[in-house]
Amino acid sequence: MTRHSFLDDYSEGAHPDILEALLVTNMVQQTAYGDDIYSQEARGLIRQHMGDVDPDVWFVSSGTLANILIISAALRSHEAVIAPASGHIVVRETGAIEATGHKIITVPPVGGKLTPESIDAALKANAHFPHMAKPRLVYLSNATEVGTLYTKAELRAISRLCKERGLLLLLDGARLGAALSATRNDLTLKDIAELTDFFWIGGTKVGALLGEAIVISNQELREEFRFHIKQRGALLAKGRVLGLQFRELFREGLYFDLARHANDMAMRLSSKISNAGYRFVAETETNQLFPILPNTLIEKIKADFDFYVWEAHDESSSVVRLVTSWATEEAHVDAFAAKLEEFAS
1 MTRHSFLDDY SEGAHPDILE ALLVTNMVQQ TAYGDDIYSQ EARGLIRQHM GDVDPDVWFV
61 SSGTLANILI ISAALRSHEA VIAPASGHIV VRETGAIEAT GHKIITVPPV GGKLTPESID
121 AALKANAHFP HMAKPRLVYL SNATEVGTLY TKAELRAISR LCKERGLLLL LDGARLGAAL
181 SATRNDLTLK DIAELTDFFW IGGTKVGALL GEAIVISNQE LREEFRFHIK QRGALLAKGR
241 VLGLQFRELF REGLYFDLAR HANDMAMRLS SKISNAGYRF VAETETNQLF PILPNTLIEK
301 IKADFDFYVW EAHDESSSVV RLVTSWATEE AHVDAFAAKL EEFAS
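Under the working numbering, the residues of the sequence shown are numbered 1 to 345, in order.
Treat the hints as calculated values from the structure; they're not laboratory data. Each hint should be verified, as a subset may be incorrect.
Now the in silico label distances, taken between C-beta atoms and shown as ranges [claimed, not checked]:
(1) Phe280 - Ala121: 26 to 32 Å
(2) Ser77 - Val309: 14 to 20 Å
(3) Glu98 - Ser271: 38 to 44 Å
Source: prediction; values computed, not measured. Heads up, the beta-carbon is just placed ideally off N, CA and C, and yes, glycines get one too.
Build the full structure now, drawing on both the sequences and the hints.
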């Protein structure tokens with residue numbers, strides 16, 4: 001077994017079916033800037049999951065860009081975002097949202113998630129107008145930064161509060177495929193389209209070479225969103241490259257198949273780690289695992305595997321993050337488990 005990375009779910013290039021589609025269509029001339037036939041077909045395939053919502057769908061190259069585009073287009077200069085303190089826009093995007101001029105109001109997450117109560121508390125604590133930025137948009141992700149899931153009831157409760165309080169709701173879908181394919185999931189793309197103003201479907205982490213699909217059901221924002229895409233440098237001349245990949249992902253369910261495989265490998269790895277006697281800081285629900293391991297063991301395993309040391313747990317142990325992907329093989333999982341057993345004996 002060669003050295004294997006559990007750092008993330010995008011260390012590999014792209015699924016072979018996507019590479020083949022790119023090659024086969026390479027010399028076919030297409031209209032630029034996302035008006036190509038492949039992007040049109042991909043939009044249609046995605047909309048088939050939305051019922052009668054009929055949202056706008058735009059393809060961009062990265063998740064950070066998707067968040068910047070949506071938030072900067074949705075908010076006026078004095079308006080702010082409510083987000084969990086562990087949210088990707090808070091801790092993993094280099095202040096990209098703040099750089100657009102918008103304050104992020106952070107609240108403590110509960111199992112990685114927001115709750116109506118935490119949102120309401122943030123509203124009350126930021127209501128000294130006009131001396132404080134006005135909360136206007138709620139940001140959450142599914143799956144969360146610790147791999148946990150929102151149930152339909154939880155998302156519906158947050159959506160209801162947002163509507164009651166005049167807030168917009170954005171769902172970051174970097175790992176939405178993993179969430180929708182999880183055993184305990186009870187949400188659909190249609191549910192999410194109905195309960196949010198906008199969300200995006202991550203392709204980068206589910207076998208695409210690159211690309212995310214922004215889905216906008218909010219009528220006011222969708223009218224001129226293409227101007228924001230162009231102004232932010234996100235309207236690719238060769239938009240066909242993005243559209244074609246999403247056509248392949250959604251044409252016959254490849255998107256869900258690949259996400260389901262990543263989850264299955266995570267469950268296999270989680271079971272083996274648990275059987276070896278180690279605990280987790282969060283229950284494994286998708287393709288991210290957060291076990292607590294002794295620091296001495298971590299150093300030994302890092303000789304053969306790459307992964308993040310997430311945070312210190314106590315003086316002698318740390319939380320590590322292991323991420324499985326569409327390309328993770330059972331042999332990779334079993335080799336990691338074998339190292340646990342080797343060092344435990």
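Status of the given 38 to 44 Å range, CB of Ser271 versus CB of Glu98 | holds (41 Å)
State, for the Cβ atoms of Phe280 and Ala121, whether the hinted interval 26 to 32 Å holds or is violated.
-> For Phe280 and Ala121 the Cβ distance comes to about 28 Å; the hint holds.
Is it true that the C-beta distance of Ser77 to Val309 lies inside 14 to 20 Å, as the hint says?
-> Because 39 Å falls outside the window, the suggested range is violated.
Hint compliance for this structure: hint 2 is the single one not met.
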